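Those protein sequences? They're chains A and B, same order as listed. According to the working numbering, the first sequence is numbered sequentially starting from 1. According to the working numbering, the second sequence is numbered sequentially starting from 1.
One or more hints might be untrue.
Taking lysine to aspartate or glutamate pairs in the EDC-like style, the calculated list, with each CA pair at most 20 Å apart, reads [stated by the list, open to error]:
| hint | chain 1 | residue 1 | chain 2 | residue 2 |
| --- | --- | --- | --- | --- |
| 1 | A | Lys675 | A | Asp736 |
| 2 | B | Lys76 | A | Asp33 |
| 3 | B | Lys67 | A | Glu29 |
| 4 | B | Lys63 | B | Glu89 |
| 5 | B | Lys32 | A | Glu29 |
| 6 | B | Lys76 | A | Glu23 |
| 7 | B | Lys63 | A | Glu64 |
| 8 | B | Lys32 | A | Glu38 |
| 9 | B | Lys32 | B | Asp83 |
| 10 | B | Lys67 | A | Glu23 |
| 11 | A | Lys331 | A | Asp310 |
| 12 | B | Lys32 | A | Asp42 |
It should be emphasised that the hints constitute simulated quantities derived from the structure, not laboratory data. Just so we're clear, the structure is a prediction, and the values are computed from it rather than from any experiment.
The residues making up each chain are set out below.
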Amino acid sequence: MRLPRILRQRLRSLFRASQANAELARELEMHLDELTREYIADGMDPAEARRAARRVLGGVAQIEEQCREHRRVSGLLDPLRDFAQAGRSLAKSPGFTALATLTLALGVGGGVAAYALCEALLLRSLPYPEPERLVSVENLHRRQPRGGFVSQEKFRDWQAAAQSFERIAIAELSEATLTGDGEAERIEGRAVSPGFFEMLGVQPQLGRRLTPEEQQPGAACALLVSHDFWTRRLGARADAVGRTAILNGEPCRIAGVMPPRFHFDESGFGVAEYWRPIAAVTHNRLYSSYLAYARLRPGTSLETAQAEMDRIAARLEATYPEDKDWQVRVKSMRGTLLERFGQELAIFSAAALVVLLAACANVAGLLLARGVGRAREIAVRAALGAGRARLIRLLLAESLLLSGFASALGVLFAAWLLQTAIAASPAPMHLADSIVVSPWLVAFAVGLTVLSSLLAGLWPALRGSRTRLERDLRESGSGLVSGRRQIRSLRALVVTEAALSVLLLCFAGLLAKSFAHLLQADLGYRTESLLGVEVPLPPSRYRTAADRLRFWNALLDEAGRIPGALSAAASDSVPLGGRYPAAPVEVEGPSGPRDPAESTAFVAIVSPGYFQTLGIPLRAGRELGSETEPSVIVNQAFVRKFLADREPIGARVRIGSAWMPVIGVVEDALYFGPKSVQGPEARAYGPHTLGAYLQFLSIHTAGAEQSVVEAVREIVRRLDPQVPVAQTRTMRQSIDGALSTERQMLAALAGFSAIALAMAATGLSGVMLYTVSRRRREIGLRMALGAQPADIRREVLGGAVKLVAAGSALGAAAALAGGRALESLLYGVHWYDPAALAAAPALLLVAALAACLPPSRRASSIEPMEALRLD
Amino acid sequence: MPKPTDLLQGTLDLLILQAIRREPVHGWGIAKRIQVLSDEVLAVQQGSLYPALHRLEQQGWIKSAWKESDLGRQAKFYELTPDGRRQLERELETWNRLSSAVRLVLERA
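Excised from the complex, chain A in its bound form (with noise of 0.2 Å):
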């Protein structure tokens, strides 16, 4: 019975407001007649009557507000009048609504993007039901516990004791050539033990999963392919299932097409296009090629499985002498992924934040002196009846609606910053398949533009919403000594945005130090002018030894022959090229017992001319030639390790399985490039007429690389077309590649650096102008009283000083307070390195001198006489 009363009150105040307030002015208007009478009646003559009683009555504005509060449709219609009147507000201040926008943009659009690489590589890239099950098993040794490789057989004996997985399987890097429909191709895929997709719980999109028969050893050969491969070999046809494909000369069936966003290139490899059974073959216990992954039961934790795994290698330990300090560690992929792209994404994230943060902050800025400038349009507001609660609520949505606009404009940048980053990485990462609009993106998105809308426009709704109507009304807006505490305010925020600006150009600096070091390494080959081209010989087709090297040496010989090539020279390995196998290292002579684990050396095996061809200088001996009696050329880190105590030239050393005398030693090169922390490795060098796969044709160009691409191409067809050309790379690419991090961190935070300064520039110069402005009679005043315009330019110069030096001294402590989080990251610079750390406040320094001159010439231009004749 009250409820229907309430609610037709309700509809009624808000759907007949007119009429309600006309009601209201009715009544208001009997009040006064009536006391007017009660005046009259006492005495007074009927105008002052009326006007004491008007003056009783007080402002009927105010009364007709708080009515309506208490009509309770506020809540409904007031935040429609309030986003309407914000727009007009807005719309009357094109400038300051454009910069504002721009600004919140900017700090939006890096937290959006950050966020959904944060979703993408953490949450994403593992597209598997209950991803958080999947673990990986790791092979390691006790004191060189690196790359987690397992046998065959060692795992079966995990496979057979194990109780906390639900399946374990293992997988192995396999290459093949391609033949048949089009040009031969070099591919990579993966050789997968039986239950592997089980274990990852993905089904092919087309076809099946490979049974169990075309796993047995002996079976016909049977594939699954790539969603890519589909596409670009099979035109996405759907009868692609059941056809053949010709690997390594072998007809292959396809048993069915994986879905695109399957890849698992979780191991560092290349991209996958297909899968295949794995050949069961029975080396012994140290042939570990394979990485093993598993999925826990449901309910075991990973401490558990560890604990169990503990107990079998243990166990494995005891029983097989090679297995003696080899150890087991279970890893959850996500754990893997977080080791992997952890750090960087969080410093991106962290950087992305501070952006946001001098952006709210550089708004907050514009907003105080906004509010400053508009004292009098929000005093006339109060006087006709607007509560504080309103005034807040009308302030805030300014805020909110620059944000909206700040958000739509900031989607754009984020979308930028995410194609420049999908661009950017590196293929094996798919990052584009897995950043998608999810609806936690949205909602971060949505979350981020309230929050920042708050954090820059609650403090000047707050602090401009405080009126007192008599002086706001009253002041010009030009006192000697106005608007005090709003530039103490303006200037508080000027110096948060100083520090944030010293903060991330501390760190750009630290990487852009870092990077150069590492650019500038000597690596101790040539970085320019070499082209690196693998050419993988199919099998099937190569047989022997001599078949291998007959190619070779006539690919060798044309290709030192291409105009433009100074020589060429072939190889198993190049710099990060290829794979680097290790071999054990004997030498002859008296030598104490060696620990098997750490006496190896990687072996390459390389033809004449290769170390002219690289650039590796040679330090004694002499190079190799076409000797067909096993010889070694080792470096000068294999002479430390191995020939500390002798003349190396003509030591003989056992690698694998024959002795052999060491005829050269050349300098160190840093085969895995620039980031190497380890130092330079022992390595042997063997004479390519051993028989070994040689994979790499490196030549030394008088020009530009590219221009013997081709003819290279056009010898490898004229030999033999079933030889494909896999890769070619000049070594500078090979570089860039393997910097290619580094250089998307510096690009970022340099990017994100150089926002927050402008920042900070533009917030400084405009405190100062306001600052200028407040102050024109005093500035005037004094000029009157003898003070040159130089002083007054000093003066205020000095005020943005005083302001950058705060800030700095805030920043830099800050970078050195969170500069050991990107210590790992840094390559021959301290995280406290001096220079990068002084280097920052020099440059906002410089930025905001250039800033404050407009101000400070606006300051010391002051007509004495103008200035004070205004008010």
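Given the coordinates of chain A, work out where chain B should sit on it, guided by the hints.
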């Protein structure tokens, strides 16, 4: 004449409800009635009266209708709803309990 006392927040609602207990009264009449009945001690500020009336109406305790006043002019008359009547009883009870408690303290302390 002593300055009229400002009304305690909440007390005004009670006084308004009480003032219209017997018959519908318009705004001016309510203010007048309270002033007269309190021997000119309580003066309802107009700035509080009309918002309070609106509040009470929104809460469904009073309803209003336009009628002709004694002086032959249209005025908005407020009267209690059944809910308002119950509310008035509740508020009276609260008031009585409170004022007698205050009186006890003043007498005994």
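Evaluated hints:
Of the pairs offered as hints, the one joining lysine 675 of chain A and aspartate 736 of chain A holds, with about 12 Å between alpha carbons and a cut-off of 20 Å not exceeded. Simply put, lysine 76 of chain B and aspartate 33 of chain A have alpha-carbon atoms about 14 Å apart, close enough for the 20 Å limit, and the pair holds. For the proposed pair lysine 67 of chain B and glutamate 29 of chain A, the alpha carbon gap of about 16 Å is at most 20 Å, so the pair holds. Of the pairs offered as hints, the one joining lysine 63 of chain B and glutamate 89 of chain B holds, with about 17 Å between alpha carbons and a cut-off of 20 Å not exceeded.
Between lysine 32 of chain B and glutamate 29 of chain A the alpha-carbon distance is near 16 Å, which keeps this suggested pair within the 20 Å criterion. For a cut-off of 20 Å, the pair hint linking lysine 76 of chain B to glutamate 23 of chain A stands: about 8 Å separates their Cα positions. A threshold of 20 Å between alpha carbons decides the hint, and for lysine 63 of chain B with glutamate 64 of chain A the separation of about 19 Å falls inside it, so the pair holds. Taken as a hint, the lysine 32 of chain B and glutamate 38 of chain A pair is honoured in the structure, with Cα atoms around 11 Å apart against an allowance of 20 Å.
Only pairs whose Cα atoms come within 20 Å are accepted, and lysine 32 of chain B paired with aspartate 83 of chain B is rejected, the gap being roughly 25 Å. At most 20 Å may separate the alpha-carbon atoms for a hinted pair to count; lysine 67 of chain B and glutamate 23 of chain A meet this at roughly 13 Å. Restraint check for lysine 331 of chain A and aspartate 310 of chain A: satisfied, since their Cα atoms lie roughly 13 Å apart, inside the 20 Å limit. Taken as a hint, the lysine 32 of chain B and aspartate 42 of chain A pair is honoured in the structure, with Cα atoms around 15 Å apart against an allowance of 20 Å.
In summary, the structure is inconsistent with hint 9 from the numbered list given earlier, while agreeing with all the others.
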